[in-house]
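Going down the list, the protein sequences come from chains A and B. Okay, so the first sequence: first residue is 1 according to my numbering, each after it adds one. Okay, so the second sequence: first residue is 1001 according to my numbering, each after it adds one.
Just so you know, the hints here were simulated from the structure itself, not pulled from any lab data. Glycine included, C-beta positions come from ideal geometry on N, C-alpha and C. Treat each hint with caution, since some may be false.
Partner residues are not named here, just some residues of chain A that face chain B (Cβ under 10 Å, in silico) [said to hold, decoys possible]:
{"id": "1", "residue": "Ala104"}
{"id": "2", "residue": "Pro108"}
{"id": "3", "residue": "Gln122"}
{"id": "4", "residue": "Phe467"}
Using 20 Å as the maximum straight-line C-alpha spacing, the simulated EDC-like pairs for lysine to aspartate or glutamate come out as follows [to be verified]:
{"id": "5", "chain 1": "A", "residue 1": "Lys365", "chain 2": "A", "residue 2": "Glu348"}
{"id": "6", "chain 1": "A", "residue 1": "Lys8", "chain 2": "A", "residue 2": "Asp106"}
{"id": "7", "chain 1": "B", "residue 1": "Lys1008", "chain 2": "A", "residue 2": "Glu152"}
{"id": "8", "chain 1": "B", "residue 1": "Lys1288", "chain 2": "B", "residue 2": "Glu1305"}
{"id": "9", "chain 1": "B", "residue 1": "Lys1093", "chain 2": "B", "residue 2": "Glu1081"}
{"id": "10", "chain 1": "A", "residue 1": "Lys292", "chain 2": "A", "residue 2": "Glu348"}
{"id": "11", "chain 1": "A", "residue 1": "Lys365", "chain 2": "A", "residue 2": "Glu152"}
{"id": "12", "chain 1": "A", "residue 1": "Lys48", "chain 2": "B", "residue 2": "Glu1152"}
{"id": "13", "chain 1": "B", "residue 1": "Lys1034", "chain 2": "B", "residue 2": "Glu1007"}
{"id": "14", "chain 1": "A", "residue 1": "Lys8", "chain 2": "B", "residue 2": "Glu1409"}
{"id": "15", "chain 1": "B", "residue 1": "Lys1048", "chain 2": "B", "residue 2": "Glu1007"}
{"id": "16", "chain 1": "B", "residue 1": "Lys1419", "chain 2": "A", "residue 2": "Glu466"}
{"id": "17", "chain 1": "A", "residue 1": "Lys365", "chain 2": "A", "residue 2": "Glu405"}
{"id": "18", "chain 1": "A", "residue 1": "Lys352", "chain 2": "A", "residue 2": "Asp281"}
{"id": "19", "chain 1": "B", "residue 1": "Lys1048", "chain 2": "B", "residue 2": "Glu1014"}
{"id": "20", "chain 1": "B", "residue 1": "Lys1112", "chain 2": "B", "residue 2": "Glu1100"}
{"id": "21", "chain 1": "A", "residue 1": "Lys48", "chain 2": "A", "residue 2": "Glu305"}
{"id": "22", "chain 1": "A", "residue 1": "Lys8", "chain 2": "A", "residue 2": "Asp281"}
{"id": "23", "chain 1": "A", "residue 1": "Lys34", "chain 2": "A", "residue 2": "Glu95"}
{"id": "24", "chain 1": "B", "residue 1": "Lys1111", "chain 2": "A", "residue 2": "Asp49"}
{"id": "25", "chain 1": "A", "residue 1": "Lys111", "chain 2": "B", "residue 2": "Asp1423"}
{"id": "26", "chain 1": "B", "residue 1": "Lys1419", "chain 2": "A", "residue 2": "Asp106"}
{"id": "27", "chain 1": "A", "residue 1": "Lys112", "chain 2": "A", "residue 2": "Asp49"}
{"id": "28", "chain 1": "B", "residue 1": "Lys1415", "chain 2": "A", "residue 2": "Glu466"}
{"id": "29", "chain 1": "B", "residue 1": "Lys1048", "chain 2": "A", "residue 2": "Glu152"}
{"id": "30", "chain 1": "A", "residue 1": "Lys415", "chain 2": "B", "residue 2": "Glu1081"}
{"id": "31", "chain 1": "A", "residue 1": "Lys419", "chain 2": "B", "residue 2": "Glu1014"}
{"id": "32", "chain 1": "A", "residue 1": "Lys419", "chain 2": "B", "residue 2": "Asp1106"}
Residues of chain B placed beyond 12 Å of chain A at every Cβ, according to the derived structure [claimed, not checked]:
{"id": "33", "residue": "Glu1095"}
{"id": "34", "residue": "Ser1127"}
{"id": "35", "residue": "Arg1133"}
{"id": "36", "residue": "Glu1152"}
{"id": "37", "residue": "Ile1162"}
{"id": "38", "residue": "Lys1269"}
{"id": "39", "residue": "Ala1307"}
{"id": "40", "residue": "Glu1319"}
Spelled out from the first residue to the last, the chains are:
There are 2 protein chains.
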Amino acid sequence: MQRTTIEKIYEDVEGFAGRPVTVAGWVRSVRDMKNFGFVTLNDGSCFKDLQAVMNRDAVENYDEVAGVGVGSSLVIEGVVEATPDRPQPFELKAERIVVEGPAAPDYPMQKKRATREFLRTQQHLRSRTNLFRAVFRVRSVAAFAIHQFFQERGFVYVTTPIITTSDAEGAGEMFRVTTLDVENPPRLEDGSVDWAQDFFGHAASLTVSGQLQAENFAMSFGDVYTFGPTFRAENSNTRRHAAEFWMVEPEMAFCDLDGDMDVAEAMLKVVIRQVMDRCPDEMEMFNKFVDKGLVERLEHVASSEFARVTYTEAIEILEKAQADGHAFEYPVSWGIDLQTEHERYLTEEHFKRPTFVTDYPAQIKAFYMRLNDDGRTVAACDCLVPGIGEIIGGSQREERLELLEERIEALGMDKEQYKYYLDLRRYGTCEHAGFGLGFERLVMYLTGIDNIRDVLPHPRTVGNAEF
Amino acid sequence: MQRTTIEKIYEDVEGFAGRPVTVAGWVRSVRDMKNFGFVTLNDGSCFKDLQAVMNRDAVENYDEVAGVGVGSSLVIEGVVEATPDRPQPFELKAERIVVEGPAAPDYPMQKKRATREFLRTQQHLRSRTNLFRAVFRVRSVAAFAIHQFFQERGFVYVTTPIITTSDAEGAGEMFRVTTLDVENPPRLEDGSVDWAQDFFGHAASLTVSGQLQAENFAMSFGDVYTFGPTFRAENSNTRRHAAEFWMVEPEMAFCDLDGDMDVAEAMLKVVIRQVMDRCPDEMEMFNKFVDKGLVERLEHVASSEFARVTYTEAIEILEKAQADGHAFEYPVSWGIDLQTEHERYLTEEHFKRPTFVTDYPAQIKAFYMRLNDDGRTVAACDCLVPGIGEIIGGSQREERLELLEERIEALGMDKEQYKYYLDLRRYGTCEHAGFGLGFERLVMYLTGIDNIRDVLPHPRTVGNAEF
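Start from the sequences and build out the full structure, keeping to the hints where you can.
And the structure:
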């Protein structure tokens, strides 16, 4: 079967007009007007549906087709007819219709306006709805835009390991990975589990970040990026947290914090532009039904400079707001970790655009961040965006061996575990920087969808790993 | 610092000639001729090194630079000088050199011709060698070529879950993922572990394939693909097996086995072409030092049609070879699973090119493959390539509800677990097909590297999950 996708016809209605084509897809509606009828079909190639007209005279199995339910799959042969004076630019005049797979009458996607909560229980079918088809296309387009952005700039894509034997940055609770029989694990004489008998010869976990391994490769390729799944075993049931999510982590040699932010800002803008260009129908739908003002906001972001403010300045702004009567749940003072309410105030109310906050107090940031000359802050940057909060966290890395060793010791970390990381500082160390982008948060930002469960194909959260 | 990558200068020597630039990278060699010297620098932007010339008169810290060890990082400011009559097309006349990070004298990458076994113990540094820099660049280029291939053809990229609660196809041993305290897990009254208390509310594992979940999305988008990590907890210590590896799994609605093979063949050819075009220096190196004949073989593959032969015909070919005196360790007869020696005979000796073997006996293939009309074979296809063996395994999927249910029951599988998979056949089922490409096997094929540990940035194998 030489099938033509609906997208191709929309792209070149004039070229297809008068020509025979075969399309295949799933029924969205059938209207039977007795001697003729309309079938609305979607094949997933684009957001738009195709309308086929069938005449009882022309289509042998007219009654069969007129009786199929929503969700049935059809193969339609027909001729494209341009309809410049109708809302849709063409129709397909059906000549032959094969019902490939009827949908049983209990098809759960029939009812209009099913809640997103209900659709979460139908993960295998929900991408057949307009909303989720749009979300997952945007996700795909954004993912490719990210690859393209980095590849065009000469970055090397490095897949960092999922199974790890080190806790990257103490960044959070980790999942244990094992082949031991948990019912009855082998034990040492003292009764503790004998991890040496596990698959890898010691205890292993799922990674929380590929950054440290990516640095290995930045020290040979200069510019690298990762794009892969990462994990948090945190028992937090919020709209922004999932146990399994994808991260993009570029790492650049001979690059400082300013260079880091330049790359992050350019990347976000390119991804926004690509999604707007490649998914206009999807974006219009989000703008209409999910988040009015989305398109305008994204246009604004793509064309304006991001704000950049130090943590110390940010605290002053927040303190002033506090003094002026703005009520924060968590009181503001230098040294605190910024809470979501603070981040939102900065990006939504004060700057009204994406905002980099830089140079955080050392004690609230990770060990690998470069100590500033003031001795109390580090060259970190978080990118906050309206409606989401933190979407990117980055830093210049501590490239000075002695300072890094001091920090590791001061934090009571196991220096032996970081031998290889310290080696990078022993052999040809250099200024370098990188950041991590939470990919699902980006998709939420691009679509206006406010729950991470609705931008993951099959979300994994506390108590949930279905499908 | 506005640095110029070495790649950019090679791309436009004429344009850069006479112009000042700043380059930054790692020392590969320093030759001190007393009043002048040569520094060979690589910055990872391309395979080629840059040669800088420094005069004692011009470079203030000449002696410092002359004394740095291999692997040290330098920032060099200088002027590009075209050298059309020398082997390299240009030199950099250094004016200022900053030693960013000296390499300690025990730098393990100093010695030439270190064995690959030794380099495996230096995973954080090995990408600084020519060999591994070439391997990991080809890996990156191939990965992007795959994304590009599918995106340009309208496929939607779907990230399928890593943590799963179902054993996709009984495809192999799985890793357990848990947050229970393995030392002392919660137990039910009968003494067994209470998995209901685990993070997801039941026992979970690392995925062996994203196919079944990808099918969910093929039934809404038509054409989709996955590209992500998959896992096997098999205790097999071979050169072709790793516990963690990446797979590409396209899935296409309204597509049969022939269409499936067409896509697989086109994809392999596009990836080969892209890698040859974008990595000519790397490929030349592999061809010279790793696998003589590699480039010729790949050229041949990219420009010739793949062979297609049914399993039944393949068995006849092998039986004939056997009768003619070819000694196989595993005797050949209809019904056997093809062994590596058989696959290699077919692709290397008989067809001498990539070969699809199709229509295998049902009893040696997975439950979801479509039963052929003969009632004893299924619409499967394995793509075998010279030197590697199986690189792709695919099939048309069983889209007929009754037949799929029969198969699941006959194999004694838990039908309840496959409810959602069966739903796809209940609601608008259609002919569809897909395949899985082992990405590391592809990289081995593209580079001539014969050990999977050497194409994975940080390989995970039995007893090994370092870094």
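Against the structure, the hints:
Taking 10 Å as the C-beta cut-off, the interface hint given for A:Ala104 holds, the closest approach to chain B being about 5 Å. At its closest, the beta carbon of A:Pro108 sits 8 Å from a beta carbon of chain B; the interface hint therefore holds under the 10 Å criterion. Below 10 Å, beta-carbon pairs count as interface contacts, and A:Gln122 has one with chain B at about 9 Å; its hint therefore holds. Because the closest C-beta pair between A:Phe467 and chain B is about 6 Å apart, less than 10 Å, the hint holds.
Between the alpha carbons of A:Lys365 and A:Glu348 the distance comes to roughly 24 Å, so the proposed pair goes past 20 Å and is violated. About 33 Å separates the Cα atoms of A:Lys8 and A:Asp106, which puts this hinted pair outside 20 Å; it is violated. Using a Cα cut-off of 20 Å, the hinted pair B:Lys1008 and A:Glu152 holds, with the two alpha carbons roughly 12 Å apart. This hinted pair does not check out: B:Lys1288 and B:Glu1305 have alpha carbons roughly 26 Å apart, beyond 20 Å.
With a CA separation close to 7 Å, the supplied pair B:Lys1093 and B:Glu1081 stays within the 20 Å bound. The hinted pair formed by A:Lys292 and A:Glu348 meets the criterion: a straight-line CA distance of about 16 Å does not exceed 20 Å. For the given pair, A:Lys365 sits about 32 Å from A:Glu152 by alpha-carbon distance, which is inconsistent with the 20 Å threshold. Annotation: proposed proximity of A:Lys48 to B:Glu1152 holds, straight-line Cα distance about 19 Å (limit 20 Å).
Distance hint between B:Lys1034 and B:Glu1007 is unfulfilled; the C-alpha atoms sit about 30 Å from each other, more than 20 Å. The suggested pairing of A:Lys8 with B:Glu1409 is violated, with an alpha-carbon distance near 42 Å, which exceeds 20 Å. For a cut-off of 20 Å, the pair hint linking B:Lys1048 to B:Glu1007 stands: about 8 Å separates their Cα positions. For the suggested pair B:Lys1419 and A:Glu466, the alpha carbons sit about 12 Å apart, so the restraint of at most 20 Å is met.
The suggested pairing of A:Lys365 with A:Glu405 holds, with an alpha-carbon distance near 16 Å, which does not exceed 20 Å. About 26 Å separates the Cα atoms of A:Lys352 and A:Asp281, which puts this hinted pair outside 20 Å; it is violated. A distance of roughly 17 Å separates the Cα atoms of B:Lys1048 and B:Glu1014; the hinted pair therefore holds under the 20 Å criterion. For the hint pairing B:Lys1112 with B:Glu1100, the CA-to-CA distance comes to about 24 Å; that exceeds 20 Å, so the pair is violated.
As the CA atoms of A:Lys48 and A:Glu305 are separated by approximately 34 Å, the hinted pair breaks the 20 Å bound. For the hint linking A:Lys8 to A:Asp281, the alpha-carbon distance of about 15 Å falls within 20 Å, and the restraint holds. A distance of roughly 17 Å separates the Cα atoms of A:Lys34 and A:Glu95; the hinted pair therefore holds under the 20 Å criterion. Note on B:Lys1111 and A:Asp49: the hinted pairing is violated, with a Cα-Cα distance of about 63 Å set against a maximum of 20 Å.
The hinted pair formed by A:Lys111 and B:Asp1423 meets the criterion: a straight-line CA distance of about 17 Å does not exceed 20 Å. Note on B:Lys1419 and A:Asp106: the hinted pairing holds, with a Cα-Cα distance of about 14 Å set against a maximum of 20 Å. With a CA separation close to 16 Å, the supplied pair A:Lys112 and A:Asp49 stays within the 20 Å bound. Distance hint between B:Lys1415 and A:Glu466 is fulfilled; the C-alpha atoms sit about 15 Å from each other, no more than 20 Å.
Under the criterion of a C-alpha separation no larger than 20 Å, the hint pairing B:Lys1048 with A:Glu152 is consistent with the structure, at around 19 Å. At roughly 46 Å between alpha-carbon atoms, A:Lys415 and B:Glu1081 are farther apart than 20 Å, so this suggested pair is violated. Annotation: proposed proximity of A:Lys419 to B:Glu1014 is violated, straight-line Cα distance about 44 Å (limit 20 Å). For the suggested pair A:Lys419 and B:Asp1106, the alpha carbons sit about 14 Å apart, so the restraint of at most 20 Å is met.
No Cβ of chain A comes within 12 Å of the Cβ of B:Glu1095; the nearest lies about 18 Å off, and the non-interface call holds. Non-interface call for B:Ser1127 relative to chain A: violated, since the shortest CB-CB distance, roughly 4 Å, does not exceed 12 Å. The beta carbon of B:Arg1133 is not kept farther than 12 Å from every beta carbon of chain A, the shortest such distance being approximately 6 Å. Not every CB of chain A lies more than 12 Å from the CB of B:Glu1152, the least distance being 10 Å, so the non-interface label is violated.
Non-interface call for B:Ile1162 relative to chain A: violated, since the shortest CB-CB distance, roughly 5 Å, does not exceed 12 Å. Every Cβ of chain A is farther than 12 Å from the Cβ of B:Lys1269; the closest lies at roughly 20 Å, confirming the non-interface assignment. No Cβ of chain A approaches the Cβ of B:Ala1307 within 12 Å, the least distance being about 24 Å, so the stated non-interface status holds. For B:Glu1319, the non-interface assignment is confirmed: its Cβ lies about 35 Å from the closest Cβ of chain A, beyond the 12 Å cut-off.
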